[in-house]
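Take 1 as the starting number for the sequence shown in UniProt numbering and just add one per residue.
Simulated from the structure, these hints should not be mistaken for laboratory data.
From a predicted model like this one, the values you see are computed outputs, not experimental measurements.
Just so you know, even glycine gets a beta-carbon here, dropped at the ideal spot from N, CA and C.
Treat the hints with care, since some could be wrong.
Unchecked claim - Restraint-style ranges between C-beta atoms, simulated for each label pair: (1) K54 - L11: 30 to 38 Å; (2) D57 - D92: 31 to 39 Å; (3) P32 - A64: 24 to 32 Å; (4) P77 - E42: 28 to 36 Å; (5) A33 - P53: 18 to 26 Å; (6) D71 - A33: 28 to 36 Å.
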Amino acid sequence: MRLTLTWDQGLEMACHGQIAPLLREGVFFAHPASPWQRGTNENTNGLLRQYFPKRTDLSVHTPADLQAVQDRLNNRPRKTLGWRTPADVLRDVLSS
Numbered sequence: 001m002r003l004t005l006t007w008d009q010g011l012e013m014a015c016h017g018q019i020a021p022l023l024r025e026g027v028f029f030a031h032p033a034s035p036w037q038r039g040t041n042e043n044t045n046g047l048l049r050q051y052f053p054k055r056t057d058l059s060v061h062t063p064a065d066l067q068a069v070q071d072r073l074n075n076r077p078r079k080t081l082g083w084r085t086p087a088d089v090l091r092d093v094l095s096s
């Protein structure tokens, strides 16, 4: 497993200096207006849009609704994971 993060330029990443030392290969920042530098993130955004169109007010959904979407996405095979699911990969990482 690679221990890197590729981040956008958002304010939520202001404390990256606290996380970077914990990662083996570091933190990378994507260039502004370069979504192809965050391919998996952009793909996941597209998957989320199947359930929640852009500008959806998530506060109108119950926690159970949001959990159901999370469960579906975490149990959906991904090409980037060798057709394994994110849940399977996480389970393997946590058990090793």
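A quick look at each hint next to the structure:
K54 and L11 have their C-beta atoms about 20 Å apart, which leaves the hinted 30 to 38 Å range violated. Checked against the hint of 31 to 39 Å, the pair D57 and D92 passes, with Cβ atoms roughly 36 Å apart. Between P32 and A64, the C-beta spacing of about 37 Å breaks the proposed range 24 to 32 Å. Hint check: P77 to E42, Cβ distance near 18 Å, so the stated range 28 to 36 Å is violated.
About 22 Å separates the C-beta atoms of A33 and P53, a value consistent with the hinted range of 18 to 26 Å. At about 33 Å, the CB distance of D71 to A33 agrees with the hint of 28 to 36 Å.
Consistency note: the structure conflicts with the earlier hints numbered 1, 3 and 4.
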